[in-house]
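A.B. asks: Chain order of the listed sequences is U and Y. Position 149, counted from 1, in the first sequence is what the numbering used here calls 149; the numbers after and before it change by one each time, with no gaps. Position 122, counted from 1, in the second sequence is what the numbering used here calls 122; the numbers after and before it change by one each time, with no gaps.
Among the hints, a few may not be true.
Which copy? The list can't say, so a pair holds if one copy fits it or any two copies do.
Straight-line distance between alpha carbons at most 25 Å, and here's what the computed DSS-like set of lysine-lysine pairs gives [unchecked claim]:
1. Lys341 to Lys142
2. Lys142 to Lys99
3. Lys78 to Lys169
4. Lys281 to Lys174
5. Lys281 to Lys142
6. Lys57 to Lys341
7. Lys281 to Lys169
8. Lys99 to Lys341
9. Lys57 to Lys121
10. Lys78 to Lys341
11. Lys99 to Lys169
12. Lys78 to Lys99
13. Lys99 to Lys403
14. Lys99 to Lys174
15. Lys169 to Lys121
16. Lys57 to Lys403
17. Lys78 to Lys403
Hints in this document: simulated from the structure, not taken from any laboratory.
2 protein chains.
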Amino acid sequence: MPSTPSFNVSRNRQIDRRRFLASAVAGSTGLWLASPFARLAFGQDTADHRDLIFHQKDPLNGEPPLGVLPSEFVTPTKHFYIRNHGNIPDLDRQGHRLKIEGLVEASHDFSLQELSENFEKSDCVATMTCAGNRRREHNAFKPVSGVQWDAGAIGNATWGGIKLSDLLKHCRLKEGASHVWFEGADDVSTPSGMTHFGGSIPLDKAMTDHGQAPGALVAWEMNGQPLTPEHGRPLRTVVPGYIGARSVKWLSRIIVGDRPSPNHYVRSAYKLVTAESDLIKAEQNPIYRFPTNVAICEPAPEAMAANGSVTVRGYALPTGLPDARLREVEVSANGGRRWVKARLLDEHVPFCWSRWEANVPVTDRTTALLARAVDTVGGVTPDRVTWNTHGYLYNGWHHVPVKVAG
Amino acid sequence: MPSTPSFNVSRNRQIDRRRFLASAVAGSTGLWLASPFARLAFGQDTADHRDLIFHQKDPLNGEPPLGVLPSEFVTPTKHFYIRNHGNIPDLDRQGHRLKIEGLVEASHDFSLQELSENFEKSDCVATMTCAGNRRREHNAFKPVSGVQWDAGAIGNATWGGIKLSDLLKHCRLKEGASHVWFEGADDVSTPSGMTHFGGSIPLDKAMTDHGQAPGALVAWEMNGQPLTPEHGRPLRTVVPGYIGARSVKWLSRIIVGDRPSPNHYVRSAYKLVTAESDLIKAEQNPIYRFPTNVAICEPAPEAMAANGSVTVRGYALPTGLPDARLREVEVSANGGRRWVKARLLDEHVPFCWSRWEANVPVTDRTTALLARAVDTVGGVTPDRVTWNTHGYLYNGWHHVPVKVAG
Numbered sequence: 001m002p003s004t005p006s007f008n009v010s011r012n013r014q015i016d017r018r019r020f021l022a023s024a025v026a027g028s029t030g031l032w033l034a035s036p037f038a039r040l041a042f043g044q045d046t047a048d049h050r051d052l053i054f055h056q057k058d059p060l061n062g063e064p065p066l067g068v069l070p071s072e073f074v075t076p077t078k079h080f081y082i083r084n085h086g087n088i089p090d091l092d093r094q095g096h097r098l099k100i101e102g103l104v105e106a107s108h109d110f111s112l113q114e115l116s117e118n119f120e121k122s123d124c125v126a127t128m129t130c131a132g133n134r135r136r137e138h139n140a141f142k143p144v145s146g147v148q149w150d151a152g153a154i155g156n157a158t159w160g161g162i163k164l165s166d167l168l169k170h171c172r173l174k175e176g177a178s179h180v181w182f183e184g185a186d187d188v189s190t191p192s193g194m195t196h197f198g199g200s201i202p203l204d205k206a207m208t209d210h211g212q213a214p215g216a217l218v219a220w221e222m223n224g225q226p227l228t229p230e231h232g233r234p235l236r237t238v239v240p241g242y243i244g245a246r247s248v249k250w251l252s253r254i255i256v257g258d259r260p261s262p263n264h265y266v267r268s269a270y271k272l273v274t275a276e277s278d279l280i281k282a283e284q285n286p287i288y289r290f291p292t293n294v295a296i297c298e299p300a301p302e303a304m305a306a307n308g309s310v311t312v313r314g315y316a317l318p319t320g321l322p323d324a325r326l327r328e329v330e331v332s333a334n335g336g337r338r339w340v341k342a343r344l345l346d347e348h349v350p351f352c353w354s355r356w357e358a359n360v361p362v363t364d365r366t367t368a369l370l371a372r373a374v375d376t377v378g379g380v381t382p383d384r385v386t387w388n389t390h391g392y393l394y395n396g397w398h399h400v401p402v403k404v405a406g
Numbered sequence: 001m002p003s004t005p006s007f008n009v010s011r012n013r014q015i016d017r018r019r020f021l022a023s024a025v026a027g028s029t030g031l032w033l034a035s036p037f038a039r040l041a042f043g044q045d046t047a048d049h050r051d052l053i054f055h056q057k058d059p060l061n062g063e064p065p066l067g068v069l070p071s072e073f074v075t076p077t078k079h080f081y082i083r084n085h086g087n088i089p090d091l092d093r094q095g096h097r098l099k100i101e102g103l104v105e106a107s108h109d110f111s112l113q114e115l116s117e118n119f120e121k122s123d124c125v126a127t128m129t130c131a132g133n134r135r136r137e138h139n140a141f142k143p144v145s146g147v148q149w150d151a152g153a154i155g156n157a158t159w160g161g162i163k164l165s166d167l168l169k170h171c172r173l174k175e176g177a178s179h180v181w182f183e184g185a186d187d188v189s190t191p192s193g194m195t196h197f198g199g200s201i202p203l204d205k206a207m208t209d210h211g212q213a214p215g216a217l218v219a220w221e222m223n224g225q226p227l228t229p230e231h232g233r234p235l236r237t238v239v240p241g242y243i244g245a246r247s248v249k250w251l252s253r254i255i256v257g258d259r260p261s262p263n264h265y266v267r268s269a270y271k272l273v274t275a276e277s278d279l280i281k282a283e284q285n286p287i288y289r290f291p292t293n294v295a296i297c298e299p300a301p302e303a304m305a306a307n308g309s310v311t312v313r314g315y316a317l318p319t320g321l322p323d324a325r326l327r328e329v330e331v332s333a334n335g336g337r338r339w340v341k342a343r344l345l346d347e348h349v350p351f352c353w354s355r356w357e358a359n360v361p362v363t364d365r366t367t368a369l370l371a372r373a374v375d376t377v378g379g380v381t382p383d384r385v386t387w388n389t390h391g392y393l394y395n396g397w398h399h400v401p402v403k404v405a406g
């Protein structure tokens with residue numbers, strides 16, 4: 001497969017055979033995920049309808065019930081949210097190749113075997129979060145478009161592969177290189193036609209490794225296993241600290257550019273805008289880093305609690321910077337008048353969440369639990385957040401209604 | 001003076017005679033502003049030490065006592081904050097020329113007389129706010145650098161001049177034009193040496209006029225008078241809805257570019273960053289639009305109030321978008337448990353603040369007043385905001401400690 005040193009993002013206007021098959025599987029029958037075929041297609045440690053709540057079938061989008069998230073620091077793959085914009089390509093590990101082109105001295109075209117043999121293996125734990133996590137809370141101001149995520153579009157995994165920095169150094173960057181573009185092998189429909197999903201990150205991010213935490217990883221493993229199809233088999237990027245959209249799946253092409261990628265999901269989507277206006281988009285950078293966040297996972301909304309106290313569990317995430325640590329997570333049972341400090345359950349790992357737990361006094365006047373967090377670089381979860389069209393980056397106080405026995 | 005169709009931002013490493021004189025005036029004597037000379041230098045309707053609180057003398061930076069701001073919808077020039085990064089050039093109205101170059105069919109070089117004779121005069125009212133307004137509140141998390149502004153680095157003025165869109169249409173834009181750079185005639189010291197203060201705005205903003213509100217104005221009048229020296233005499237830009245830093249004073253050069261200006265105040269400063277890191281800066285766009293904001297101007301901090309109720313006055317500002325209006329301003333006297341709705345005192349004008357007033361019940365347990373606001377595009381003032389190195393865009397609940405007679 002010859003390398004194509006072109007800056008054009010390739011487009012595919014055909015719905016290919018694989019996509020047709022995926023659509024047929026993910027059809028309109030309510031049994032679609034209960035079939036043995038569905039479980040097979042998703043791999044062994046992967047979610048089916050018993051493990052995730054699916055908001056959409058095509059594209060496939062699902063999140064775990066919140067209650068399972070505090071069980072483990074590293075989220076089992078079957079409980080890891082699945083976020084797709086198009087089809088799930090059925091790619092072959094043997095035949096897959098990764099092209100690297102653009103502002104590099106020589107273009108390359110690697111098989112997975114070549115990647116693993118020529119570069120040092122690297123593993124890291126990093127939390128991935130969809131920019132749309134908690135999207136549905138934005139609706140309190142005005143309805144937002146997109147998958148109506150609750151607070152489960154987040155997960156923490158171990159990722160295995162090679163450092164993007166090593167790969168880029170090997171290819172020798174040219175003058176002017178400043179952004180790294182990623183392109184997947186899926187087919188997505190955008191306002192400007194069919195394309196592949198794409199993302200990009202500043203070159204500085206790609207080249208800035210912090211000990212165990214790489215600036216970015218070109219990964220083929222998740223939780224010690226080869227990537228499952230819906231998590232990007234055979235190859236994806238993982239960008240610790242950045243929104244999930246920058247961790248492009250089914251990675252087929254890396255282009256080193258002198259500006260952010262022109263792909264729809266960089267140029268237009270994944271920006272904080274209040275209207276679909278060229279001007280408002282021009283004012284906004286692509287979203288890269290994720291902000292401080294927090295969620296209550298237990299008790300479930302509308303759960304009954306005994307008068308006295310309730311055990312509250314959840315997760316909190318510091319700002320996506322290597323030196324950001326959680327400083328404080330707090331829970332309130334009376335609308336924010338008094339706050340109870342939660343215990344962090346996990347040791348600090350850069351770019352990772354910590355689970356937390358608090359015993360909170362409640363009375364028969366308690367109607368809801370609130371959670372908030374601050375980190376060591378000044379990140380906060382405010383009481384309310386500014387609304388945006390696509391409902392990105394909701395990180396206000398998490399609010400869970402509860403009932404207390406009288 | 002020949003037009004120089006160059007993209008280089010001119011630098012001046014010499015401290016020129018004007019700057020020397022300004023420094024001599026703004027010297028170390030405590031009497032410097034009380035002298036008749038100081039008042040003369042500032043023009044007739046301009047602030048002296050009786051009207052503004054000066055945080056710095058060189059560069060000159062001052063804000064009004066908060067209590068004067070609710071007096072009028074249009075802020076008198078003498079109570080309008082003064083924000084400088086370098087000297088205050090002493091420019092001559094007759095001799096001043098404005099160069100326009102870059103991605104235009106023909107470069108131009110206009111006198112003020114040519115601008116006023118060849119283009120339609122335009123007036124608008126617009127609120128200007130320093131991105132550092134309320135900066136000192138960021139210190140509660142960690143000290144921030146820069147002028148320690150209270151909530152007075154904001155003002156509302158009538159501006160007179162011509163629409164930037166008319167000027168740019170006259171010059172006929174070339175293919176690729178996408179940002180408009182402004183350069184002043186002041187001399188500022190930056191980490192990379194002496195330069196002129198500069199700003200830039202997306203071309204779409206420059207070309208998008210909304211009735212009375214231009215995308216941007218090339219202005220020579222403020223509140224019906226020629227600009228005073230410290231507000232940019234003889235010529236400045238005014239960009240409604242954007243932070244004050246984009247409204248460049250002593251405007252001498254407009255360059256149409258294919259990207260944001262490389263000037264220090266676009267490329268590096270005026271970004272929301274948590275550290276002085278190239279990577280973190282690369283993730284951030286220049287700040288353009290201002291967010292929803294609110295402040296209590298009366299009573300003053302630590303004022304005594306009678307048990308019963310207190311009249312609270314202040315200003316609130318919707319997001320800097322033409323269709324954003326204030327939806328609600330609220331005041332709390334008990335830490336945010338109950339909120340009293342304030343009355344807006346001004347009719348809605350796009351890109352302008354409104355003053356507000358509320359009668360708020362207080363008791364001997366009241367220790368502080370809080371204010372918050374929401375607008376119609378989803379802008380909110382949250383309880384807390386994420387910290388940033390330079391303390392920009394503080395817009396959390398405004399908190400004023402008060403004492404109530406027992």
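A.B. asks: If a hint holds in the structure, say so; if it does not, say that too.
C.D. replies: Hint check results:
In this assembly of identical chains, the alpha carbons of Lys341 and Lys142 lie at most 25 Å apart only when taken from different copies (21 Å versus 32 Å within one copy). Proximity of Lys142 to Lys99 under the C-alpha cut-off of 25 Å is found in neither arrangement, the shortest distances being 43 Å within a copy and 45 Å between copies. In this assembly of identical chains, Lys78 and Lys169 lie within 25 Å of each other by CA distance neither inside one copy nor across copies; the values are 35 Å within and 58 Å between. When the C-alpha separation of Lys281 and Lys174 is checked against a cutoff of 25 Å, the pair qualifies only between copies, where the shortest distance is 21 Å, while the shortest distance within a copy is 29 Å.
Proximity of Lys281 to Lys142 under the C-alpha cut-off of 25 Å is restricted to the intra-copy arrangement: shortest distance 19 Å within a copy versus 32 Å between copies. For a Cα distance limit of 25 Å, the shortest separation of Lys57 from Lys341 qualifies neither inside one copy, at 40 Å, nor across copies, at 45 Å. With identical chains, the CA atoms of Lys281 and Lys169 are at most 25 Å apart between copies only, with a shortest distance of 23 Å across copies and 33 Å within one. In this assembly of identical chains, Lys99 and Lys341 lie within 25 Å of each other by CA distance neither inside one copy nor across copies; the values are 49 Å within and 60 Å between.
In this homomeric assembly, Lys57 and Lys121 never come within 25 Å of each other (Cα to Cα): the closest approach is 35 Å inside a single copy and 58 Å across copies. Proximity of Lys78 to Lys341 under the C-alpha cut-off of 25 Å is found in neither arrangement, the shortest distances being 31 Å within a copy and 48 Å between copies. Taking identical chains as interchangeable, the C-alpha atoms of Lys99 and Lys169 lie at most 25 Å apart only when both belong to the same chain, with a minimum of 15 Å there against 44 Å between chains. Within a single copy, Lys78 and Lys99 get their C-alpha atoms no closer than 30 Å, and across copies no closer than 63 Å, so neither meets the 25 Å cut-off.
Taking the closest pair of Cα atoms, Lys99 and Lys403 never come within 25 Å of each other, the shortest separation being 56 Å inside a single copy and 68 Å across copies. In the homo-oligomer, the alpha carbons of Lys99 and Lys174 lie at most 25 Å apart inside one protomer (17 Å), although the nearest pairing across protomers, at 36 Å, exceeds that limit. For a Cα distance limit of 25 Å, the shortest separation of Lys169 from Lys121 inside one copy, 15 Å, qualifies, whereas the shortest one across copies, 57 Å, does not. In this homomeric assembly, Lys57 and Lys403 never come within 25 Å of each other (Cα to Cα): the closest approach is 33 Å inside a single copy and 59 Å across copies.
For a Cα distance limit of 25 Å, the shortest separation of Lys78 from Lys403 qualifies neither inside one copy, at 31 Å, nor across copies, at 57 Å.
Checked against the numbered hints above, the structure violates hints 2, 3, 6, 8, 9, 10, 12, 13, 16, 17; every other hint is satisfied.
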